[in-house]
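Number of protein chains: 2
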Amino acid sequence: LERQDFSEFQPFTRDLHPYDLSQIYRELAPEERSHFLIRLHTQQLADMAETMTNREQAGIFENLGPDRSIDVMRHMEDSDLARFLHDLPPGKREELLSYMHLSDSSALRTLLGYPPESAGRLMTDRFISLSADDTAREAVEHIRRSASMSDTIGYLYVVDGNRKLAGVVSYHDLFFAEDDQKIETLMKKRVVFATVAMDQEEAARLIQRYELLALPVIDEESRLCGIITVDDILDIVVSEADEDVAKMGGGGKDIDFDTPPLIAVRRRLPWLILLLFIGLVSGSIVDYFEDTLKQIVALAFFMPMIAGMTGNTGTQSLAVVVRGLNGRKLTASTVWKLLRRELLVGLMIGVSCGLLITVIAYFWQGSLLLGGIIGVSLLATLIIGTLTGTCIPLVLSRFKVDPAVASGPLITTLNDILSLFIYFGIASRFLGML
Amino acid sequence: LERQDFSEFQPFTRDLHPYDLSQIYRELAPEERSHFLIRLHTQQLADMAETMTNREQAGIFENLGPDRSIDVMRHMEDSDLARFLHDLPPGKREELLSYMHLSDSSALRTLLGYPPESAGRLMTDRFISLSADDTAREAVEHIRRSASMSDTIGYLYVVDGNRKLAGVVSYHDLFFAEDDQKIETLMKKRVVFATVAMDQEEAARLIQRYELLALPVIDEESRLCGIITVDDILDIVVSEADEDVAKMGGGGKDIDFDTPPLIAVRRRLPWLILLLFIGLVSGSIVDYFEDTLKQIVALAFFMPMIAGMTGNTGTQSLAVVVRGLNGRKLTASTVWKLLRRELLVGLMIGVSCGLLITVIAYFWQGSLLLGGIIGVSLLATLIIGTLTGTCIPLVLSRFKVDPAVASGPLITTLNDILSLFIYFGIASRFLGML
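Line order of the protein sequences matches chains D and P.
Straight run, no breaks: the first sequence in my numbering ends on number 496.
Straight run, no breaks: the second sequence in my numbering ends on number 496.
There's no promise every hint is true.
[To be verified] If you want a taste of the chain D side facing chain P, the calculated C-beta under 8 Å gives, among others:
#	residue
1	Tyr81
2	Leu83
3	Asp187
4	Arg188
5	Glu273
6	Asp318
7	Pro323
8	Leu337
9	Ile358
10	Val359
11	Gly416
12	Leu418
13	Pro471
[To be verified] What the simulated footprint calls covered on chain D by chain P, stretch by stretch (three residues with Cβ under 8 Å from a Cβ of chain P suffice, anywhere in the stretch; the number is not a length):
#	stretch
14	94-102
15	122-133
16	145-152
17	165-177
Everything labelled a hint here was simulated from the structure, so no lab data went into it.
Built from N, CA and C at the ideal position, the CB exists for glycine as well.
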């Protein structure tokens with residue numbers, strides 16, 4: 063594509079979308095990258111950086127050197143830049159902020175003052191606000207003057223004298239307005255909005271439900287301070303989904319196809335070592351029931367199946383709860399309804415599978431009592447499995463513990479322990495009768 | 063909210079967003095619902111139905127009776143209606159189509175002719191197309207005339223004489239244009255587009271990457287036949303994420319907080335019964351090695367841990383692949399890079415955990431050889447676990463098998479079998495030395 067021939071470089075890249083530029087950048091060998099970066103305009107660099115991960119951004123800024131970096135940062139959207147700065151060590155962040163113009167850095171400090179993952183962090187100040195008293199013609203002139211300021215999102219927000227949000231008008235509506243029509247008569251007064259402190263998932267849900275292109279964000283005094291656009295929300299929705307899948311997989315968070323092996327190991331290993339120790343608890347249960355096991359070795363044949371099945375029902379319940387919890391506030395009645403449902407499901411599944419395994423075990427091992435023990439154990443463990451898969455994430459989210467703790471593997475491993483304990487407990491009780 | 067007092071009903075509901083209407087509808091007792099529906103305008107009913115699931119839509123149409131239903135359907139967006147019709151039994155679908163005006167039903171038949179989950183199915187024909195030769199003033203007049211036709215999405219598409227897609231202009235750009243400026247000079251010629259047969263996930267990815275509000279869809283002859291809007295894409299992204307989590311949970315697909323228990327059981331049980339039988343294979347492996355187990359019962363202590371750990375690494379790898387596969391086309395080089403990475407990760411994790419468990423087993427059971435057997439087994443099974451978690455979903459997606467088959471529980475259960483086989487295989491080989 064581009065090797066030595068730099069004369070055609072600028073006409074070629076000028077029309078490219080920032081995402082395409084970032085793809086070219088990624089394909090380049092490290093030593094070619096600085097040649098590439100030097101030849102891009104500051105705004106192109108800023109737009110490209112916005113499409114990249116924090117780690118890639120850091121690489122670019124290192125390549126550009128401090129002066130050019132500050133220049134590029136000035137052209138980036140505040141919300142994207144705030145995300146980058148947030149992940150830097152505090153000293154480095156302060157250094158960068160101190161290099162910037164006071165007006166830029168104070169806007170960034172305000173953004174960084176909102177809680178992480180809040181609507182305030184996501185918003186951009188590139189929006190156009192109109193006054194309700196303006197006529198359509200005045201509004202159009204105002205829009206023309208603020209051209210460079212505005213994102214092309216299709217809505218214009220109307221504020222009153224105190225900068226309080228009063229309504230919304232679309233470009234589309236302005237097209238159909240008479241020149242001297244007042245904005246007040248054009249605008250919709252029922253505006254869906256977010257507050258600066260609102261969780262980003264909740265804001266995403268509003269945009270999705272009401273099929274909006276942008277969501278205005280207001281502060282404690284109902285003043286309009288920014289907007290969140292639907293493209294930022296799409297990124298949030300995708301990364302929330304990634305988090306949920308990682309949760310189900312357990313500790314795979316932030317690992318993708320491009321993560322280097324050592325980093326992947328460092329992120330997965332702590333989890334696995336924790337699970338290894340928890341897994342040994344299962345071992346000590348078997349150890350504790352060694353005598354039972356020695357007398358009926360056949361019990362060992364059904365051990366993997368019982369432990370596995372309990373883990374499986376647990377994971378199924380977990381999947382329902384993980385997605386259901388997403389950005390939703392749970393009322394007590396929802397929780398009770400869910401618990402009753404899952405208990406009932408566990409019971410029905412337990413009875414079906416319990417009966418089935420009783421018959422299988424009877425034909426395989428020729429003992430009805432052994433069959434019965436295994437069937438009853440499976441019934442009990444499946445109910446327990448369903449309930450742990452439901453309750454643990456609910457309890458964790460109630461106490462605002464990072465729900466990643468309730469990962470699939472953890473639930474599976476805990477269910478291993480519970481199921482073996484129940485299984486051998488029931489078996490040793492009926493041992494004399496075998 | 064509204065019980066007996068219907069006089070204030072229409073002024074109250076007129077300003078409500080369709081999503082809010084649907085929430086009120088859901089809160090109503092079944093017998094109140096028809097009173098509620100009767101009092102809504104046809105367009106309100108159509109908009110509300112669009113925000114609901116197919117099952118809820120069917121309930122509404124049943125409530126409204128055939129004549130009113132057809133009327134409401136005429137006011138619905140084609141893509142939403144096509145989704146509803148697609149899920150009906152063919153006889154019922156034909157019946158509904160035959161009641162409609164020929165122009166409506168033939169448009170729907172065209173949509174239903176595109177493959178399920180394709181861009182063609184998602185698109186709406188409510189867009190405005192301009193000609194490149196128009197002036198800005200002509201364009202504005204054209205837009206005013208087609209007012210009711212257009213979604214307020216912010217873009218206008220430009221087509222040539224053969225209806226081929228030629229460019230895109232935003233409302234925003236039209237605002238800044240001189241009256242007699244040609245559309246040709248305003249439009250951007252580099253348009254990101256989808257084809258009717260393109261997978262909906264791929265279309266979603268384009269919208270996300272290029273931060274678009276809408277994506278034009280063209281047919282085989284490059285003719286513009288519809289647009290996909292970002293709000294439809296948000297729904298797709300959310301439901302794809304739900305599918306991925308369900309995949310990790312195994313068979314929990316389409317189960318949410320409101321699914322009745324019996325339906326939840328019917329969706330989960332087939333999976334569990336399949337897994338039960340696969341789980342019994344693990345049992346028969348233990349059965350096969352019964353003599354080994356009888357001689358060293360201590361082997362049973364480590365069984366749950368080894369099987370569990372293998373399942374855990376497998377699920378971790380699966381989580382990475384499931385999200386990575388999402389809508390992405392894999393090149394051979396990506397696959398090889400991923401496989402090499404996961405093999406390396408499996409090796410490193412295996413060595414770490416293997417050494418750790420060797421030490422633990424030595425101190426617990428006092429036999430270095432037993433410790434070594436368990437350590438080597440864990441090393442081997444962790445590598446195998448990582449590889450199955452990576453390969454199975456890759457192979458399935460390669461052969462276009464529904465990847466829901468490669469669910470977390472299935473991988474866990476298969477890994478149970480493999481790990482027990484390896485574990486007892488290694489142990490029985492060294493049996494003489496213990």
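The hints, checked one at a time:
| no. | hint | verdict |
| --- | --- | --- |
| 1 | Tyr81 | holds, 5 Å |
| 2 | Leu83 | violated, 12 Å |
| 3 | Asp187 | violated, 17 Å |
| 4 | Arg188 | violated, 12 Å |
| 5 | Glu273 | holds, 4 Å |
| 6 | Asp318 | holds, 6 Å |
| 7 | Pro323 | holds, 4 Å |
| 8 | Leu337 | holds, 5 Å |
| 9 | Ile358 | violated, 11 Å |
| 10 | Val359 | holds, 6 Å |
| 11 | Gly416 | violated, 10 Å |
| 12 | Leu418 | holds, 7 Å |
| 13 | Pro471 | holds, 4 Å |
| 14 | 94-102 | violated (count 0) |
| 15 | 122-133 | violated (count 0) |
| 16 | 145-152 | violated (count 0) |
| 17 | 165-177 | violated (count 0) |
Violated hints, listed in ascending order, are 2, 3, 4, 9, 11, 14, 15, 16 and 17; each of the other numbered hints is respected by the structure.
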